[in-house]
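Asks: Going down the list, the protein sequences come from chains A and B. The first sequence begins at 1 in the working numbering and counts up by one. The second sequence begins at 115 in the working numbering and counts up by one.
A few of these clues could be false.
No farther apart than 25 Å at their CA atoms in a straight line, the calculated lysine-lysine pairs in the DSS-like style are these [unchecked claim]:
#, chain 1, residue 1, chain 2, residue 2
1, B, 128, B, 178
2, A, 113, B, 155
3, B, 180, A, 101
4, A, 71, A, 57
5, B, 169, A, 101
6, B, 178, A, 101
7, B, 155, A, 3
8, B, 134, A, 101
9, A, 63, A, 17
10, A, 59, A, 17
11, B, 134, B, 169
12, A, 63, A, 113
13, A, 3, A, 101
14, A, 17, A, 113
15, A, 113, A, 59
16, A, 3, A, 71
17, A, 17, A, 57
18, B, 155, A, 101
19, A, 57, A, 3
20, A, 17, A, 55
21, A, 101, A, 59
Just so you know, these hints were derived from the structure itself, not from any lab.
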Amino acid sequence: SQKIEQNSEALNIQEGKTATLTCNYTNYSPAYLQWYRQDPGRGPVFLLLIRENEKEKRKERLKVTFDTTLKQSLFHITASQPADSATYLCALASGSSNTGKLIFGQGTTLQVKP
Amino acid sequence: GAVVSQHPSWVICKSGTSVKIECRSLDFQATTMFWYRQFPKQSLMLMATSNEGSKATYEQGVEKDKFLINHASLTLSTLTVTSAHPEDSSFYICSARGTGSGSTDTQYFGPGTRLTVL
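One chain only, chain A, in its complex shape (with noise of 0.2 Å):
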């Protein structure tokens, strides 16, 4: 069956330091993958959508690789800032594309600290 792993539950790094998340994921091949940021008791923000034939995709601080070889993708958020501390999760296109239907992992945790 289809598996999402993010490598932890918690990261806690130093303000200005570069955040790196991981999510590995197995059994499929998925047209696209996102990631998004969720608060406690929020909903998920959308951050950005990388397709399997992207290498990478940024966004100010923000930089995604996907590798469909190591089935992985890199989340990284450089020059961090204590307002970046949030749950951040990747979630993968399930089957056909068309559906829509999207396979979300634990998510990370992320605190930065002051």
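Once you have looked at the hints, place chain B on chain A.
Replies: For chain B alone, kept in the frame of chain A given last:
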């Protein structure tokens, strides 16, 4: 753009009653809406896929007679939890996928509804 709202944001009800949650796409038309459930410290679990004008498709293990979904227009989907019990207490989140050009693969999420069944 791409704003999705949910109402109510929280609700407390007695066991055995029914609760309706609304999900609206405010500035775009959504051909497809999704309903998720999230328990504390866990990730989102897809409950059902709702396409405008047709019956919802439920994920395995989700009771369609308990979780009634209606997607009557391109901007509104509703989830009704019928005969709610304490084990139905959870955080319910909807998302919407847009129509038209551009990326229709992106899902935009509502703020969620916290349901507590006493």
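Asks: Provide an ascending list of the numbers of those earlier hints which the structure does not satisfy.
Replies: As far as the earlier hints go, not one is violated by this structure.
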